[in-house]
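Chains A and B, in that order, are what the protein sequence lines are.
The numbering of the first sequence is our numbering, which starts it at 16 and goes up by one.
The numbering of the second sequence is our numbering, which starts it at 14 and goes up by one.
Source of the hints: derived by calculation from the structure; they are not laboratory data.
Nothing here was measured: the structure is a model prediction, and the numbers come from that model.
Ideal Cβ placement from N, Cα and C applies to all residues, glycine included.
A short, non-exhaustive set of chain B residues, derived as facing chain A with CB atoms under 8 Å:
hint: 1; residue: Ile49
hint: 2; residue: Val65
hint: 3; residue: Ser68
hint: 4; residue: Met69
hint: 5; residue: Arg227
hint: 6; residue: Gln249
hint: 7; residue: Asp250
Listed next, the stretches of chain B that the computed footprint assigns to chain A, with coverage defined by at least 3 CB atoms under 8 Å from CB atoms of chain A:
hint: 8; segment: 122-130
hint: 9; segment: 136-150
hint: 10; segment: 228-241
Facing chain B, a subset of chain A residues (Cβ under 7 Å, in silico):
hint: 11; residue: Val232
hint: 12; residue: Arg355
hint: 13; residue: Glu366
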Amino acid sequence: MKKVMQAFIVVMAAAFALVGTSSYLNSSNGYSGADALTVYNWGDYIDPELVSKFERETGIRVVYETFDSNEAMLTKIAHGGTSFDIVIPSDYAINKMKAEGMLVPLDHSKIPNLKYIDSRFLDLPFDYGNEYSVPYFWGTMGIIYNPEIVEGRDFTSWSALWDEGLGGEILLVDSAREVIGIGLVSLGYSLNETDTGHLQEAHGKLCELAPNVKAIVGDEIKMLLANEEAAVGVVWSGDAAIIMDENDKLDYVIPSEGSMVWFDNIVIPTTARNVEGAHLFINFMLDPENAAQNTEYVAYSTPNAAALEYLPEEITGDARFYPGPDVTDNLEVLINLGKRMLGYYNELFLEFKMHRRRA
Amino acid sequence: MQYRTRNMYLMPYAAWIALFVIAPIALIAYYSMFDIDGALTLANYRRFFTPVYLSMAVRSFWYAFLITMFSLLVAYPTAYLLTKTRHKQLWLVLIIMPSWMNLLLKAYAFIGMFGTYGPVNALLSAVGIGTRQILFTEFSFIFVAVYIFIPFMILPIFNALDELNPSLVAAARDLGASGWDTFRRVVFPLTISGVKSGCRAVFIPALSLFMITRLIAGNRVITLGTAIEQHFLVTQDWGMGSTIAVFLVIAMGLIMALTGSGEGGKQHAR
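Make the full structure from the sequences, and use the hints.
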């Protein structure tokens, strides 16, 4: 019995030591106050030189932390104990953060550089009037394909996916809104459709696509497409850029009927201790020259119209990533449709997945 | 006095069971009574008995059955040969070693191996069969699942076979039983408890597999595990996710009862 007791004590002591170390580690990563700024961003999503430049210009020390999904970011902030001054979430996450009162309204008088942002990318449904957010990078959803395999098909229309010659060649992302969205947009409906009749119709249309679908996968889609496991994939433009970087045979296109558009945006969460510095940082990032430098580093599409002048023609002239107004007019931002509607989308998506097997 | 000290030593275990066994099951049952808007209802249970979820359940059972069957078919002879080898423990460790590796890592390795340009297809085209679609098929799903679960099948069967008194086999042969008769009437019945606990250790987790349904089967195989994952992570319909979980708990309970947990207990007591 004595031995059991000893073992028990050792385990308890070890557990307490671990708890102590982890809380020490957690507390040590948030210097805060007027001379520091904690930025919480996606990994490798800012030019580090710009961070140093900001530190030199303002004398504010930047602490940079990263997350790998909006969900992880939301959980960490909601959990408390953090002191992030700047966060860069995607559009739908901003909806949630707004609803839960996690954001500080922006003082537009302290962000004069906001005027450089293309008006197409301001005043969007997830944050009308840009009360809480400023767009950082944006992109679309489209079709990436291997011209060598698909022989002359160009995918300028979503209906090209239904081509009988593409049996088992398409990869889709495991996400209900995106996949049901393909059905909706090909029928000419809105991506934020809430009419159950139209949604059923889209589901029916998708079931006809089933024989062409090779697999519905997650993040692996990048690796699979780059390795030419499939000829066609429906992906976000950010992923498309990464895939094409690895395999330059592939091409990306935004079908003409329209598509989704996504935004990553700079916001100030209520955990901020240096709201003043956060505004300085936002304004700094919106400066055309800085935005251009950042765009060259990150290689996503910048919403900063003035920055385009500082970028080489080969970047800004690429209509796949900088489409003209004729294309952007047909793009839609996904709106938060509420839990009940999302549940309905998911049910249809689940049925589509089940249907696939019989096909 | 002594009685009271003993009770005190039981406290951590009782707390553990209350916190990590009883509380979660109670919470799942509790959540299953709420719909997506948080209203108290039994609608989730009604929804489970619609064709979508029922056929999903039937398929989950079918795949779990196939996985268990193939695991058993491979594991029994393997375990039998293991007991005949000179360095049993070494071989056993070698067989169990892959299960120390992270599941995700193994799944990714299989994506590479089964891919269109992977080594398996290279071999197939080298021997003249030609490139086949292996990844994202039911075959690859069952193959990988069997690979993952096989150590859990081999261990209990190996233990049962190892315990078997060899003189019983010798006696059967002396009395004129053929090799097959000896196996069918002596060896197999005496090791049935190992087979049972092996089947349980494979069938129950196989029933709610989810990650490799996407990674290896590309969502061509949809199990109840997939649906639970989607309801909890995407839809945030915890009620429906919990309802499916409740059905899985009930199904597993039934399986335990049917395969007789008493004999399994003896196995573990070893």
